[in-house]
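Below, each chain spelled out in residue letters.
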Amino acid sequence: MCHHHDILRSNSEDLKKIEKQMDRRQFLTKTSMGLGAIALGSLFGADRLLAGTGGDNPISGIKGIPGLPHHLPKAKRVVYLFQSGGPSQFETFDYKPKLTDMFGQELPESIRGGQRLTGMSAQQSSLPIAPSKYTFDQYGESRAWVSELMPHTAEVVDDLCFIKSMYTEQINHDPAITFFQTGHQLPGRPSIGAWASYGLGTDNQDLPTFITLVSKNAGGQPLYSRLWGNGFLPTEHQGVQFRSGKDPVLYLNNPENYEGKDRQRMLHYLKEMNEVQHSTYGDPEINARIAQYEMAFKMQTSVPEVTDLSSESDETFDMYGPDSRDPGTYAANCLLARRLLEKDVKFVQLYHRGWDQHTHLPGGIKNQCKNTDQATAALVKDLKQRGLLEDTLVIWGGEFGRTVYSQGKLTQDNYGRDHHPRCFTMWMAGAGVKPGFTHGETDDFSYNITKDPVHVHDFHATLLHLMGVDHEKLTYKAQGRRFRLTDVHGHVVKDILS
Amino acid sequence: MEESNLILFFGRFHPLLVHLPIGFLMIAVLMEVAERVGWLANVRNAIVFALLLGVVSAVAASVLGFMLGTSGDYSPDMLDAHMWAGIVTTVVSAVALVLKVGWENFTKRQTQLYLGLLALVMTSLSATGHLGGNMTHGSDYLTYYMPFKPKTTDPLARPKVTDIQQAQLFGDLVHPIITNKCKSCHNQDKKKGGLSLSSIEDYLKGGKHGSLIVAGDPSSSELFHRVTLPSDHEEIMPPDGKTPLTKEEIAIIKFWLETGNADFDTLLVALDPDEEISNIALLQLQLGAEAGQSQLDLDTVSLDKIERLTALGYEVRELAAGSHAYEVTLNGTKIMKENRLHHHEALGLLKNNILSLKMRNCDLKDIDLEILSDMPVLQHLDLSQNTISDSGIQSLQHLPQLKCLNLYATQVTTLTIEHVAAWPQLSTVYIWQTNIDKESLASLRETHQNINLISGS
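Line order of the protein sequences matches chains A and B. Letter by letter, the first sequence follows residues 1 to 498 in the UniProt record's numbering. Letter by letter, the second sequence follows residues 1 to 457 in the UniProt record's numbering.
In short, the hints are calculated from the structure, not lab data. Please note: incorrect hints may appear among the correct ones.
Said to hold, decoys possible - Distance condition first, Cα-Cα at most 27 Å in a straight line; then the derived DSS-like pairs of lysine-lysine:
1. Lys63(A) x Lys365(B)
2. Lys365(B) x Lys343(A)
3. Lys205(B) x Lys242(B)
4. Lys343(A) x Lys208(B)
5. Lys63(A) x Lys205(B)
6. Lys343(A) x Lys205(B)
7. Lys98(A) x Lys366(A)
Claimed, not checked - Some chain A residues close to chain B (C-beta under 7 Å, calculated; not the full set):
8. Leu68
9. Pro69
10. His71
11. Asp206
12. Thr301
13. Arg386
14. Gly387
15. Glu390
16. Gly436
17. Gly468
18. Glu472
19. Leu497
Stated by the list, open to error - Quick look at which bits of chain B chain A covers, simulated, 3 or more residues with Cβ under 8 Å:
20. 404 to 411
21. 434 to 445
Even for Gly, the Cβ is constructed at its ideal location relative to N, Cα and C.
Excised from the complex, chain B in its bound form (with noise of 0.2 Å):
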């Protein structure tokens, strides 16, 4: 427990008290505007009574205000400019008060002069509120989602890695938790407990509490000691009401300090990273399994070429939230005569996007699988009972990722098989009621090992 600071406990209060001026003024200024408009009479000893109250809680929260920026957790300049931008605020509301009081009927120019104080008012207030606000969110706060934003200056910031051997311990996994979860209250503007992390300098130079790191031993170092404080602990790091870190978050800092000696420069790879540091790596920085559907890397598509689909009586269904990748099924449908074509145009639409196509018993003649072709996504093809024969299949000249076909109840023979054994991910077709029989099943699963054919048992 530090000692009592009477100073900085009323200081606190500062952050506190300090919308009382804001609604205050706020209010006393619009109800003039209201007055003046039109909307409202007989408000103005409403108005003076605002004021006042204004003038009365900006000078406390000024006392305040001034008292916490004591603490020395604060960039200098910056205080400086809320601080003047307080006075300010405060000054001309008290004068503006005294003009409201003392001159009963405004003169033109007595209007001119009082008006333009409220508008001056209105301006330092918010100049002030923003400063501050920027002291106790980080500079970046307010603008942190905006859209279209300018490209982060962030001098320790890197590209996004896109392999797991090319990432760096420091810059690709450390430095972003520190980020997210440290430097609204680190950074240059705002020192608390001295301590800035926006460099490699203001890493190694640290805070005011002792070494942030130490290379090789974690529990010595700050940086750790801090955030793996027991959560009712009055040091924990980030402090009560801010997300506190992840136990991946923690195991990522520790294996920097532990094992790479807190190493501004060293591959993550370099080290040699068990199972379980690597799992979170790779999820950290979504490369990996559970990432996989955005290496896809589909065009989107648009509602109307879906609708197509559906109009013909196809469920089409994105295979998971934002990954562009289609499943697309026409069961028990049949494809009449006259409408193939806008089947085989609608088809072709989605062809970029189709992972999984099922059409199964939908009347699909050996025509129809021409368009196929050119599927260069496609990984499951159902084209189950319908007619079609090894003429069908061979006109498709290359799958080049499908992994799974099923041709049960079809007319295919051995031919087929032949054909497409060279598809080179194709790993299981489904064979059974073809023209396949036990004797050729047997030879063929003896000379194509790879492909799993899967008949009837």
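Chain A on its own, in the form it takes in the complex (with noise of 0.2 Å):
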């Protein structure tokens, strides 16, 4: 390739000079790679290299590391449906009867025990408990409490395995959800999915390890990009997200009036190029261009065959509800993502917002039931008959709970619920948790634990652990120093392992 340095390198014997000249910075990065290399080798064993392990494959795409997974894995794939904003856990799954006689009381300060509140309740004169309106029924084999609201969710019971004792440290929107997306709740950390992608790389060459899909009928609080971002891993591990409508992902198709006809030898001029820019400069982010350039060619057949839901039957657009016609919509996004999985995607994350309310909360939160209760139940029964939940983890869940007392006035119709860190609901199923299964309790108010408190960070050590991964051993070291998904905290929750 000897034509193509003549090409990028100036004949000048100055500039040659200054080229041959490395930095503080280049010196460290070129060295730093071989020294790393060869230190790895020796880590690893060279036979367990020879060997092919997950992380050696011969074919291109994303590998993984090697020396991973560090166990057998119980989930191959996940998708995680985020529920942003924090779902009211009062008019979903965490039943309290009790508070139906306490209507409009004060909150006793014995539960609150002097908490801090966020500043859209503080100056209220008065915390009157608010009793869910909606009303609760046990359901399946294992008899669990579901509100009227989720009928559907209800008739998957047996499959879901509920963790009531969630907590998180962070009370408003942004850092929670970014502390619940990334272990931390300052951006520029990578996401749970780039974890993933890093570590373990991709099953199918074809389509990105990690796709994002954001509900389009809902509106509420912003979502951003860092939420499925890299952070400091290398930028092939960023969530890609997939839109509606005729162009699921940006700057894939071919630019107007060009047929590409010749795209893969461009590309491939390209890479060699990239290359020769790659052996010069040794920046790693090269080689993350040349595996997205790679990538984005074979997505322009992928992608289209993937989101194609016209094969899909009757049956199927039915039990996803009739959303799922109307791409985008929650429940189109839940059947597109069982496509995703089909296709061995490893990491798919759902993003459904509006469930932030301060006000008018119980139509606000029958709404956004009625928007995903269906299409959720749907992707575990459909998962399920397909053999496919064996080996794939559900997440449902927010960033937070809310509060038991109204957020504004209080009626036997209305009444908003504030924003409430302490304790929430969320749900996994299918590869490696109990079925049919309930960790964890919350006091008559849904004020406070009682029981098995799990916190956001023992929550991303149980979804690596399904993952094979000990998450006290998948780190990078960036700036200094090396960081973990759950920094340095985090116990996997033994009790809900299958």
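Join these two chains into a complex; the hints should help.
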């Protein structure tokens, strides 16, 4: 490839001289990679590398790192149905019958324990207890309590593993959702899906390892791409967002008036040039760029194929609900998620906004449930009947819970609830978690946890454990220290493992 | 706080200072060689200077070394050898210095004598350094990670336990911790605090600070007391800079002293350990759930076998690093008629290592299933969305380890279920969109209650 060098490098002696002078940063980048490779070789043993581990797949695509998975994984794929805004536990899964008789009474100070409230309700002269307007019933063999707003989820409770005792330190949306998605409340860390992609690599060479879908039929607190970003991990690990409409992935189509017949040749040549750049400068981001051009080319065929729902039967659409025929809705995204999981995409992350009911909660949450309940349950059923729930983990939950007291005026028909980080409910289903099981308990006011608290770090540790990863061992060195998804915290919640 | 001891205070500067003569003498000899070979010129003065520094620092190091030697923490034999080697180094290098300064122009004989002395300096310097290192780090420190080294001669070492029922509390759990964390300073050659931990007698004898082990009473046992002191305490063991014991290791030692009465032969299970201790023991012995993958005991697979499969479009993943257990997936890629045999052959190469085989929607036919008959470790088999009928499944004689079988969207009937029900490990079968109707499904569920038959809902 000498002629490429000639193109890229100047023939001027002076410029050549400058090119040869490595500055400190380049020296460190280059040598650390070389030394790193040597160290890796000795760390993991030559025999293991030769044996071709999951991290050493000879085919191109995101590879994962040697030495992983640390143990046999239960979950090969994850679909995370993120309910953004903080769904109220009172109107969904955390049944609190004693509140009915306490309608409008002041929240006892012994329960609140002097907890700091948000600026939105701290000024209220009274904190009146607001029982759920909606009724609850028990379902399935597991006799799990579910509100009348979730009739479809109620049908699958025997496949779900509820965690009633989730808690977080964050009380506002941005830090709380950033914490949930990246393990830290400040921006800049890699998201869960990016860690999974980095550690475990892809199972499908034609689609991204980590795909994000955002519902169009919901407004509310903003979402931002850093929630599915790669942080300091190499760029190819960031989540790729699929959109509704004729362009599911932006910038993927050929430019106008270009037929694309010689695209592969063009990309091949571009790759050669990028490789020259890489050998000159040693910047790992150049490799990320090469990988992404290749992936984009494959996605030109794989994405239209996987997003085309026309082969789905009417029964399937009926199961996910009428919205599922309208691309970009939560229901359509659930169906699309199943298709992606069927293609062995490792991490699919859905976001549905609008759970932030500070006021008019009864109406708001009813609408939220209507838009999500059927499709959520359908996804669990559909994965199960296809045998995919066996090794797919489904996660449902938001960034925090809501208060037992009403924010604003409390009436029989209307009330609001403020943010509540001290306890809230999530559920998981499928690979490696106990079906029809409930972990943790809250007090009669769902204000404090009374049994088996599960922190966000613990949730992350458990999630990685299910994927075969020891959360203490998956690290990445950036800015002078090694980082983990769980930072220096996190315990696997052994109780919920099947 | 122990009373101050000036001799030992200065003595402890010996390990610090001792590196100076090593460096000075080494560079003097190297310069001498370089000048003679012709790489350097006009370095005579530099050589003299380096030799001089070497001799002076060697004298200083020897004096400090002698002071440190009075502590009694070191094995006398080794200490003697180290001392004499050090003295030889100092004296010989001093003689070499005198020769170098005194003889401006060497005769041939003088040159030979001088070079001979330098060679002797190098030899004795290496010997001194090595013996000193052995005393500081333990005599097996240098070769501990050496490949192909002969088996250890630790009289207390025991073969690896494969069953928790056979595990000796002391021999298999306590002593390995001690070996790992304590023995570099407490052994036959280096008895810090007068304590060696190389034999049962050593344990019983203890060191100079009271009883090492007191049966039934951890708090009076120096072994427990010293490792549980606060981390900034003067007397914590292992001392500052060495890796402390983990809380699991401490729990095991406590359990041995307290419940095990510090007995050297008791089996762990005889003491009826609680769940916590059992789990620590399982983990330490690499038995049990976390180490489950190693129990699969599969052979290694060469890369070319994997490449055969990937060339045909398969995804091949090792389920856990080092487990040699693989998941092999062909998803939505049609098997072409002309290369069916290639597929059979390539899968056959990996048959002893495939734990999970997924061939969804890839135009699999009944004739392709024969190859699966001989997959002894297969646990998870996905044949969904293929034109497969009862005769294909019935050609599968016996899959002894199979737990989960996915037959969704195939043409199988109840006959298939009757056939596979005989496989001992099978617990889940997916049968949505097959030729099994609702009534037969109900009766199948009745007759095969140990198998979870999953259909559409």
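(message) I'd like to know which numbered hints this structure contradicts. Please list them from smallest to largest.
(response) 1, 4, 5, 6, 11, 12, 16, 18, 19, 21
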